[in-house]
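Q: Protein sequences, first through last, are from chains A and B.
The first sequence begins at 1 in this note's numbering and counts up by one.
The second sequence begins at 1001 in this note's numbering and counts up by one.
Reference excerpt, derived from the structure (chain B facing chain A, CB under 10 Å, subset only):
id: 1; residue: L1012
id: 2; residue: G1030
id: 3; residue: L1155
id: 4; residue: P1159
id: 5; residue: G1163
id: 6; residue: T1164
id: 7; residue: H1170
id: 8; residue: Q1179
id: 9; residue: V1184
id: 10; residue: S1185
id: 11; residue: S1186
id: 12; residue: T1187
id: 13; residue: A1196
Taking CB as the label site, the calculated pair distances span:
id: 14; chain 1: B; residue 1: D1020; chain 2: A; residue 2: K3; range: 30 to 38 Å
id: 15; chain 1: A; residue 1: G148; chain 2: B; residue 2: D1077; range: 37 to 45 Å
id: 16; chain 1: B; residue 1: E1054; chain 2: A; residue 2: S186; range: 25 to 33 Å
id: 17; chain 1: A; residue 1: M1; chain 2: B; residue 2: D1108; range: 55 to 63 Å
id: 18; chain 1: B; residue 1: V1029; chain 2: A; residue 2: D181; range: 28 to 36 Å
id: 19; chain 1: A; residue 1: G148; chain 2: B; residue 2: M1001; range: 48 to 56 Å
id: 20; chain 1: B; residue 1: M1001; chain 2: A; residue 2: R103; range: 53 to 61 Å
id: 21; chain 1: A; residue 1: K3; chain 2: B; residue 2: A1098; range: 53 to 61 Å
id: 22; chain 1: B; residue 1: D1020; chain 2: A; residue 2: P19; range: 23 to 31 Å
id: 23; chain 1: B; residue 1: G1071; chain 2: A; residue 2: S125; range: 53 to 61 Å
Here are a few chain A residues that face chain B, going by a calculated C-beta distance under 10 Å:
id: 24; residue: G18
id: 25; residue: Q179
id: 26; residue: D181
id: 27; residue: T187
id: 28; residue: A188
No lab work stands behind these hints: they were computed from the structure.
These figures come from a predicted structure and were not determined experimentally.
Cβ coordinates follow ideal geometry from the N, Cα and C atoms, glycine included.
The lines below spell out each chain.
There are 2 protein chains.
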Amino acid sequence: MTKVIADITMSLDGFVTGPDPDLEHGLGVGGEPLHAWAFSDDPVDADQLRAGTELSGAVVMGRRLFDIIDGPGGWNDDVGYGARETGRPPFFVVTHSAPEHRRLQELDFTFVTDGIAPAIEQARSAARDKNAVIMGGGDVIAQALAAGLVDQLHLHVSPIVLGTGTPLFHGAGRIELRQVDVQVSSTATHVTYEIA
Amino acid sequence: MTKVIADITMSLDGFVTGPDPDLEHGLGVGGEPLHAWAFSDDPVDADQLRAGTELSGAVVMGRRLFDIIDGPGGWNDDVGYGARETGRPPFFVVTHSAPEHRRLQELDFTFVTDGIAPAIEQARSAARDKNAVIMGGGDVIAQALAAGLVDQLHLHVSPIVLGTGTPLFHGAGRIELRQVDVQVSSTATHVTYEIA
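Let's have the full structure, built from the sequences with the hints guiding it.
A: So this is what it looks like as structure tokens:
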């Protein structure tokens, strides 16, 4: 049974990037500690990455996140889906218009121009018996939450207060959750909630 | 060795109350789920309450929080320090001026009118070999964090996104943390961080 899972890293104060993210600095100014867990040697962290990839049948992202991933500092042979991963899911990018060209030709990108709901629906179909994962940015996840399109929230909470940056929950409204799993590593707390 | 510990419950999106908190509704509108863990039967939650109380040699709070605690819906024979607790620590209330009278005569309140730093210093002395605990509100903890007066952050993260209310970290700035303990109950995730 396919679930729609929002899966993202946030600071303890709810930011998914530091201030002023741009194409070369996707995590913004000083936001690098957010993703320390993804590069740690802790088996709990490695397991989070592996399980997330294995269960991911399709991925939804926003256009700004795509531009970062496809940009010069983005995914390469060592980082990102298609690198050392077991599978390469199809990606659905929510955008006003498709880009004229892209760097990452080897990955399967579909540009969805009629909104977040159709993008999630296409991802759900494409995911077959795996999950459809919304990987960000914060605004896309907040929109999906506000529209009631998310089944589970899978957050990697990094030990930093950023104070400013891109908030995860801005505009998402009030959401009651059920805490279903917490995995603790030396670098982060990985929490899974179902929308109640 | 006395530590200064900020100990408070927050929503997943970093609010310590819902909107419009007042004397009779200290958690604001719809903020009650924040404190569900404190009334749960889960032994992990009970242990959090017991350990926090046992290790607490003195307590710092802001004036608004004092007014709620001392108000008609505040602490009584069943809820709060002095109720079923093993000890009654001295309390230090950060305020512009001491109240003319108070309801909770049986507890030891000192009203500190020269700021958060002297209040914490008095609490640290009074705590002897136990900890000085800043229990809120959010603004007092944020001020103490911004001033570098906090050794540990002990947060009870409740499974709810409030969307609005009293933020915990507003004005605290950027703070790098070291995750030192995580306890998981059925109702909340209890995280302890040291200021890095």
